[in-house]
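Colleague: Spelled out, the chains give:
There are 2 protein chains.
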Amino acid sequence: MEIKDYIQENEGRFLDELFSLLRIPSISSQSEHKEDMVRCAERWRELILAAGADKCEIFPTDGNPIVYAEKIVDPNAKTVLVYGHYDVMPVDPVELWDTEPFEPVIKDGKIWGRGADDDKGQSFMHAKAFEYLVKTNRLKCNVKFMLEGEEEIGSTQLYPFCDKHSEMLKCDVILVSDTSMIASDTPSITAGLRGLCNMIVKVTGPDRDLHSGIFGGAVANPINVLCDLVSGLIDDKGRVTIPGFYDDVVVLSAEERELIAKTPFDEDGYKKGLEVDELFGEDGYSTIERTGIRPNLGVCGIEGGYTGEGFKTVLPSTATANISMRLVANQDSHKIAELFKKHFENVAPKYVKVEVIPCHGGEAYRCGMDVPAYKAAEKAYIDVYGKRPIPTYSGGSIPIVAHFEKSLGVKSILCGFGLGEDNIHSPNESYKIEHFRKGIEVISRFYHHFSE
Amino acid sequence: MEIKDYIQENEGRFLDELFSLLRIPSISSQSEHKEDMVRCAERWRELILAAGADKCEIFPTDGNPIVYAEKIVDPNAKTVLVYGHYDVMPVDPVELWDTEPFEPVIKDGKIWGRGADDDKGQSFMHAKAFEYLVKTNRLKCNVKFMLEGEEEIGSTQLYPFCDKHSEMLKCDVILVSDTSMIASDTPSITAGLRGLCNMIVKVTGPDRDLHSGIFGGAVANPINVLCDLVSGLIDDKGRVTIPGFYDDVVVLSAEERELIAKTPFDEDGYKKGLEVDELFGEDGYSTIERTGIRPNLGVCGIEGGYTGEGFKTVLPSTATANISMRLVANQDSHKIAELFKKHFENVAPKYVKVEVIPCHGGEAYRCGMDVPAYKAAEKAYIDVYGKRPIPTYSGGSIPIVAHFEKSLGVKSILCGFGLGEDNIHSPNESYKIEHFRKGIEVISRFYHHFSE
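Read top to bottom, the protein sequences are chains U and G.
Using the numbering used here, read the first sequence as starting at 1 and increasing by one per residue.
Using the numbering used here, read the second sequence as starting at 1 and increasing by one per residue.
Identical copies go unnamed one by one, so any copy, or any two together, can satisfy a pair.
Below, simulated SDA-like cross-link-like pairs (lysine to any residue); rule was C-alpha separation at most 20 Å, straight line:
#1 Lys341 <-> Tyr351
#2 Lys350 <-> Ser286
#3 Lys202 <-> Leu279
#4 Lys353 <-> Ser231
#5 Lys202 <-> Thr320
#6 Lys202 <-> Tyr306
#7 Lys350 <-> Ser231
#8 Lys272 <-> Lys353
#9 Lys237 <-> Lys350
#10 Lys202 <-> Thr307
#11 Lys202 <-> Phe311
#12 Lys312 <-> His360
#13 Lys202 <-> Ser231
#14 Lys78 <-> Asp172
#15 Lys353 <-> Glu267
#16 Lys271 <-> Ala348
#17 Lys353 <-> Leu274
#18 Lys350 <-> Gly238
#19 Lys341 <-> Thr313
#20 Lys350 <-> Glu267
Calculated from the structure, these hints are not laboratory results.
Chain U with its partners taken away, still in its complex shape:
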């Protein structure tokens, strides 16, 4: 039986099963839902076993449990690890929902409810593709499932879990459906995620706040100096001036950049949506490239002196800025932090003292288009959509994906089927049934191509 037919025949049951997951309010950030987390993990176990897993274990952690399942068809065959999460975001403000967040309904061709897309709906497609392959005897590789309950609160437990259970989790590729695609008729694979390197800088001038009349003009003002230093971090071509900053940046091939250039992008609409008259970024790159494949530096917060009611004429003692750098492969967040610190201290003038405090960071992730699993995924999309998926590079960071590569030594294929309109993290989350269906199809085709 072909996958399309299998889906059509079983869709009622698929949705019933998915709804049973959606009805559990597994909000990881709210402690009153602790038991719902456990219930949700247990429901997943039932469903994954019913779908055909050999075994499924729920691992307790210091946080929420991790569900692990596997089906080993042949120890010598390739192994796919599916990663997903069963926790969801809070539903406030609940009055903005048109339907009950945890009572899923179908309307206008969409499933409505918290988690419909992120990530119950998307991860459940993997369970159903897996079921199809098992029930129709088409599964030619081993499959493992790992579902966590803390993705929305930082995956704290998953980092040590991966490191501890690396043998159990051994695999050839990780499949993740927790991202979006460009549009319903424009399939895409998230080929990269940016890393992060956050720094706090503090500039100190005089040892106390001074009268700006008595001292102004003779003693350096730390806010002015901080502005000079921040301003100097980016040149007029939009490039970061820290020596060595770009040294390890992966240069994309002409083919990759050509594909990126095919991403539909309405620059006027983008600007209008943000109410800005012009865009600004690194010379020589498109907007999509600037946020996806190029690193940048921006100030997330700045503070100094007095900005309350009225006007206080003070020459302040200190000024502080929170500076964040988004990194790309193969920049190392620790190396960048060191380069930043060294540079900032070097260029600071002698009339102030500067303190540079590295904060948390995370590594960028990149799945090159030459990776066999990426090629298999491309073929699967072509089978279903009739066109080659566009590689997208997300400007945001999902540090756990970089950690998978570090801990387990394998790439992740980020084959998400969400849409921008799905309202993940917001009221009225939804997920198109068409995407649910096509996602199952693409996944089942992926197994086909990957195990060839």
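Position chain G relative to chain U; hints supplied.
Modeller: Below, chain G without anything else, positioned relative to chain U:
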């Protein structure tokens, strides 16, 4: 009888009278002292009449009363207007006082108590110099006294009072003893006060805070842009870059700059006291010139994005800075505000919107050394100290002095006899008896030279 002898003969009474003023807790900023303000004004009237004034009137205002007195010796003679204030600063933290703030005592050659210097002690010297001249028939010019009770809270009532009573207050010069001199053996006259021009600038990028990963690198960050703009306001020679900013700045004569250079100044001690390794200011000027005779620009406050606990990776919508310019004669604060606004709007890049809000300002004041009253004052100091007073230029602003010139058309001579060690506005305020005596002498000699 010479002035020295007169002081010696009457010093006990002088101090008793001054103490009667010091005992009244005339704290203008605290409403529970409303009646003390009136008592203090009345005590002044008694003392000034006893000293020889023809008449003395207490003018009620919407705030504290203004004491006005006069002695007209000859309608065709020159007229001196003495300005002072009878209100004082609060005494908190009172536990840091070694003696009772409003029970003056004499110890170590100093008068201790709130107002001993600022400004009861200093303004009372004028009453006693006046008394000497009257009682010894040496007064050859008309004298007017104007004492306000709101100097420490902004002189709000005095501005309209001057404008309304400009005929009554008509004079040839105003004498003010409400400043300090360089040191006991280094007499000085405050020849200039800086003006003020405050601006708030707001830079807006996108219409809302954005995810710094999704948008960072493609959309201008308003904090970075604000830093660029602020940084561009001062060049690497420490000069303000606003076109026309220096156009009206008075250039001091070589003689004036030579005298300023004689001001004793311990740069190492100055730096140590502020814990800065180096000073920074406009090229080509000394520290004393940079704060006194040169304008400058500094940021008094800056704010944007998130700087609370943790680190929020946001690309903020707006960033704001409070920028203050200290002005010198003959810069006009309104003109400078316009130049600033025009320049800031001109240089702002198109990818942000800027808003420039002028806040309150005040005019600089300068008493040129060629003014006859200044020359008379110089001679008076030479009579008493045996050396020429150094002109000092205060970096701070006393806007009412500039208003006197605007409203009454005359210069003020700022002949203060305080010292940095006097702890004005702080616990344990004091005033050296030697300065009290010498101040009376200098003032009486001033009348002598001025009426010649």
